[in-house]
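Peer 1: One-letter residues, chain by chain:
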Amino acid sequence: AQSVAQPEDQVNVAEGNPLTVKCTYSVSGNPYLFWYVQYPNRGLQFLLKYITGDNLVKGSYGFEAEFNKSQTSFHLKKPSALVSDSALYFCAVRVRFSGGYNKLIFGAGTRLAVHP
Amino acid sequence: EAGVAQSPRYKIIEKRQSVAFWCNPISGHATLYWYQQILGQGPKLLIQFQNNGVVDDSQLPKDRFSAERLKGVDSTLKIQPAKLEDSAVYLCASSLDGIEQYFGPGTRLTVT
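Protein chains in written order, with the working numbering: chain A, 1 to 116; chain B, 117 to 228.
Same shape as in the complex, but just chain A (with noise of 0.2 Å):
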């Protein structure tokens, strides 16, 4: 089955520090893989994607994430947490169904707390 984890329901780091949000993927063929960031009452927002080329792929608001393929990961990582970084992470990915058309499957969610 395809699916999407997010092991971490919740992610605590004091501002300043380096923060890594966990991802791991379950799909055939592939991926196409999304991080998106939903603040209170908002809607989700995009922050980065991984399609092709380089396993290290630079997003919004200094965020970037690493794909690896061997261990079927797409951890979200910052070198500096803010305290305004903290919100809700999702982590998602494309899949195709007949048709040829696409969908994203998102995983629960991980709430990212950065404190001062």
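Just so you know, these hints were derived from the structure itself, not from any lab. All clues stand as given, with none of them false.
Derived DSS-like pairs: lysine-lysine, alpha-carbon spacing no greater than 30 Å straight-line:
#  : chain 1 : residue 1 : chain 2 : residue 2
1  : B       : Lys-160   : A       : Lys-22
2  : B       : Lys-160   : A       : Lys-77
3  : B       : Lys-160   : A       : Lys-58
4  : A       : Lys-69    : A       : Lys-49
5  : B       : Lys-160   : B       : Lys-187
6  : A       : Lys-49    : B       : Lys-160
7  : B       : Lys-160   : B       : Lys-199
8  : A       : Lys-69    : B       : Lys-160
9  : B       : Lys-131   : B       : Lys-194
10 : B       : Lys-178   : B       : Lys-199
DEER-style ranges, computed between Cβ atoms:
#  : chain 1 : residue 1 : chain 2 : residue 2 : range
11 : B       : Leu-186   : A       : Ser-28    : 29 to 39 Å
12 : B       : Thr-226   : A       : Asp-54    : 43 to 53 Å
13 : A       : Arg-96    : B       : Thr-226   : 28 to 38 Å
14 : B       : Thr-192   : A       : Ser-98    : 22 to 32 Å
15 : A       : Ser-3     : B       : Ala-136   : 27 to 37 Å
16 : A       : Asn-17    : B       : Asn-167   : 44 to 54 Å
17 : A       : Glu-64    : B       : Ser-134   : 43 to 53 Å
18 : B       : Gln-196   : A       : Glu-66    : 38 to 48 Å
A virtual CB, placed ideally from N, CA and C, is assigned to each residue, including glycine.
Let chain A serve as the given structure and place chain B on it in line with the hints.
Peer 2: Just chain B now, with coordinates in the frame of chain A:
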């Protein structure tokens, strides 16, 4: 560029009542999605439109949920009758290339 617009932002109804949500996608985006996000979970796709045609509604509870996208632009999602378990945030998203999706602010539905 204007983003995806949704209304209302909040709605409280009693069970067995009906409710409708509206979405206006980004101009020119052919693909439109409705998601249900239950508290503590990731968004789950309910229905996907390509222009005004449905390409995936496998997760839509068709006995009570319906959606339409007349003229391939705006879309409405309706629930009739609502159940307690329908309490969630309903997100609309649109896409130009079928890969990157842009989300609206969502409608928070509370069924009492």
